[in-house]
Each structure stands twice: as structure tokens, then as C-alpha cells.
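Trainee: Take a look at the letters that make up each chain.
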Amino acid sequence: MRTLLALVVAFVIALLLGISSAWYMIDRGIPLTTTRVGPWSSWMSEANLNADPYTKAHLARSGRLPITSTTARYFTARTDSDGRALTSACEYSIQGAALNARWWSIALYDDQGSVIKNPSERYSFNSEDAIRHSDGTYRISLAAHARPENWLPSGDGPEHKLMLMLRIYGPRETDADGIGQIPDDRLPKIERIACS
Amino acid sequence: MQLRIPVLFILLCLVLAGLIHIAAVLTLPTLAPKDAWARLKPLGPANTMIPIPPASPGKSVLPMMGPDVRYAICRFDLANGPVRLKATVPDDLWLIAFYTPKGENFYTVSGADMRRGQLDLIIATADQPVAEAGVDAPEEADQVAVVTSPFKEGVAVIRAPVVGPSRARRAEEALKGTSCAPHRNKPAEPQEQSEPSEPPTGTAN
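Top line first, the protein sequences correspond to chains A and B.
Per the working numbering, residue 28 is the first one in the first sequence, and the count goes up by one each step.
Per the working numbering, residue 105 is the first one in the second sequence, and the count goes up by one each step.
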């Protein structure tokens with residue numbers, strides 16, 4: 028009887044442990060599958076025919092259809108540079124430098140991956156339409172209400188979580204495997220300015 | 105004895121947890137009900153170019169689509185022979201990516217790779233000979249490339265980045281000028297095996 032009980036308890040513990048570790052490795056990734064730079068994370072072998080099972084599971088669950096890292100790089104951020112979750116209740120300043128690529132874009136989503144309703148229908152800034160300084164740097168204000176320069180509206184209404192995606196098409200620097208390389212210091216900083 | 109039971113117990117937990125972990129990771133891709141393929145299939149028939157409505161609040165065919173990218177897809181089915189994809193590519197930024205039903209990107213070509221902005225591709229499986237030479241005017245023949253698909257089904261996605269709301273219409277118009285349709289080989293004498301397609305860009309990592 029005690030053996031049976033121990034088996035049941037072991038099974039329940041194993042179920043919790045197995046599922047939660049699988050969920051974490053599929054949803055967030057580990058250093059083997061993802062690169063992390065500050066708040067940004069990127070799945071290295073996303074969409075590859077010979078990707079590892081974690082990356083394959085991540086892709087299937089996400090519903091996305093990304094291009095492999097030799098042609099495009101995708102970086103997502105769910106937190107600011109200090110690790111605090113991005114939320115519509117706060118205002119952020121995104122500061123970035125020029126990227127050596129054919130085209131790039133920073134887009135804002137809610138946690139369902141949908142763009143956020145706003146009267147100016149502004150959902151992203153890209154290498155062609157962001158106002159940039161003479162040295163190639165730029166500043167994007169992530170805020171509910173209008174800001175000067177590049178204003179990316181985070182929407183009014185009830186507080187919601189935010190997610191940023193930086194997509195880089197045709198990165199010009201590549202490593203030996205042809206994977207597009209983005210130097211760490213080129214990825215934008217996300218600074219929290221104020222919260223309401 | 106009092107000590108050995110917990111050790112055994114912990115070991116049992118860990119082994120079971122490992123098995124459950126592996127099972128969960130391996131079965132998830134086949135169980136995921138809303139992967140990209142499942143979202144794209146209801147949009148329309150195979151072997152037709154289908155423009156995807158641009159992402160708008162609460163409405164997006166695929167999650168996290170680029171709001172400043174216009175997409176068109178061709179879900180190809182090679183059961184009845186190769187499929188041909190044609191487009192006039194207006195700028196270097198366009199990307200044409202080919203995927204398996206599981207979302208694996210086996211080939212990508214960019215606007216910058218194309219001569220004279222003309223895209224002309226035949227999608228075929230490895231065992232479908234494509235008599236590509238002479239299917240069109242000779243001056244075009246050198247531009248017909250064959251993309252070998254690892255499976256009978258898949259999807260081609262054209263991405264047209266836009267540079268501001270005013271230019272979105274231009275990208276949408278250009279996508280309308282693309283076509284995707286079954287490709288009929290000339291009933292000519294058997295030709296030698298077509299040239300191998302360009303090496304896929306996405307196999308290196």
C-alpha cells in the first residue's frame with residue numbers, strides 16, 4: 028500500500044517537473060537554443076529543417092512562419108533592459124543604433140501577438156520611416172499618449188502586457204555558418220521612463 | 105533503509121520526469137492545433153497566390169506578422185506536377201521563402217538576388233523532372249530556377265516590406281501581380297535532368 032502511494036506521488040511529482048521543464052524550455056528557451064542580449068531573445072535555428080526538438084516545438088506552438096537566421100533575424104523582448112515586464116501602464120524609451128542590414132523594423136504587440144489599436148494606426152517603426160539622428164541612432168517612445176520624434180502608441184484602455192519584435196532582413200555581417208550577426212551593442216536599449 | 109527509500113524515490117521521480125519531458129517536447133509539434141499551416145490552409149485553395157490581409161488590431165492571420173510587411177502566400181500541392189511562381193519584384197527588399205507544412209524554411213530568395221527583377225521559379229519534388237529549358241522565350245530561360253521541395257506540399261511566402269503607410273498600397277499592388285499556378289511540361293521528348301536548383305540558403309545552421 029505504501030509502495031503504491033509512493034508510486035502515485037512520484038508520478039504526480041514527475042508530471043509537474045516534466046511538463047514545467049518542457050514548457051520553460053519550449054516557451055523561453057535555454058542558451059543552447061536561444062541567444063539573449065539584454066531584454067532581447069532570439070531562437071537561433073528557428074525554421075531550420077534540422078532544428079532541435081525544442082526549437083521545432085517552439086515554432087509549432089507559436090504559429091509563426093519565420094525565415095531562417097541566414098536571411099533574417101528576429102529578436103523579441105517582453106521586458107525592459109532592467110528585466111521588468113513591459114506593460115502599457117509604463118512609458119519607455121527605446122534607443123538603438125544603426126543596424127548593418129537591408130531592412131529592419133521594430134513592431135509592438137500585445138501578449139497575443141496582435142498589434143495594438145491606436146488612432147494613428149502606427150504599429151511599428153522601420154529603417155525607412157523612423158526619424159534618425161545624423162549618427163544613425165534613433166529613439167522611439169513607447170507610450171500611451173503622443174510623444175515627439177518616433178511615437179509608438181501602447182494603447183489606452185485597460186493595462187496590458189507588451190511585446191516588441193525587432194525583425195532584421197538581410198543582415199550583412201554573417202558568421203562561418205552564414206548566420207546573420209548582430210553585434211550586442213547594436214540591439215536597442217529599452218529604458219523605463221515612468222509608470223502611471 | 106530509512107535513507108535509501110528517499111534516494112530511490114527521488115531517482116524514480118527524476119527518471120519519470122525525464123520521460124514525460126521528452127514525450128511532451130516530441131509530441132507537441134504534431135499536437136499544436138494552431139501552427140502556421142493550420143492557420144494558412146483555410147485561406148483558400150492550393151496553387152493560387154493569396155494576399156494576406158495586413159495585420160490589424162485583434163486580426164492577424166499569423167501571430168506577430170510584420171505590420172509594415174505585406175504578405176502573399178501560395179500553398180503548393182505538387183501531387184499533380186510542379187507549380188510555377190512568377191512575379192515582377194519591384195525592389196531589393198522582397199523575400200520569397202519556401203516552407204514545409206511544419207514551417208521549416210527550406211529555401212529563400214531575395215529581390216536582390218534576382219536579375220532584372222523578374223522572379224520565375226518552378227517548385228518540384230526531387231522525383232519530378234522539370235523540362236525547364238524552352239518553356240518560355242529563350243532570353244528568359246536562364247532565369248527559370250527550380251526549387252526542390254522536400255515534400256509534396258508546402259507554402260511559399262512573399263514578403264514585401266513597406267516604408268510607410270503611403271507606400272503600403274504600392275506593395276499591395278505589386279503583390280497582386282504575382283502568380284502561382286500548376287506548371288505544365290511541354291510534351292516534348294524526354295530531356296536531360298534539369299539543372300540542380302541553387303543551394304538552399306537555410307541549411308547552414
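Read the hints as simulated data drawn from the structure, not as lab findings.
Idealized CB from N, CA, C, for every residue including glycine.
Mixed in with the good hints, there may be bad ones.
[Stated by the list, open to error] Heads up, simulated EDC-like pairs for lysine to aspartate or glutamate below, C-alpha to C-alpha not over 16 Å straight-line: (1) B/Lys-206 - B/Glu-276; (2) A/Lys-188 - A/Glu-118; (3) A/Lys-144 - A/Asp-79; (4) B/Lys-145 - B/Asp-181; (5) B/Lys-163 - A/Asp-138; (6) A/Lys-144 - A/Asp-109; (7) B/Lys-163 - A/Asp-137; (8) B/Lys-163 - A/Asp-109; (9) A/Lys-216 - A/Asp-79; (10) B/Lys-190 - B/Asp-217; (11) A/Lys-216 - A/Asp-109; (12) B/Lys-206 - A/Glu-118.
[Said to hold, decoys possible] Some chain B residues judged to face chain A by a derived CB distance under 8 Å, without partners named: (13) His-125; (14) Asp-139; (15) Val-261.
Trainee: Which numbered hints turn out to be false for this structure?
Mentor: 1, 3, 6, 8, 9, 12
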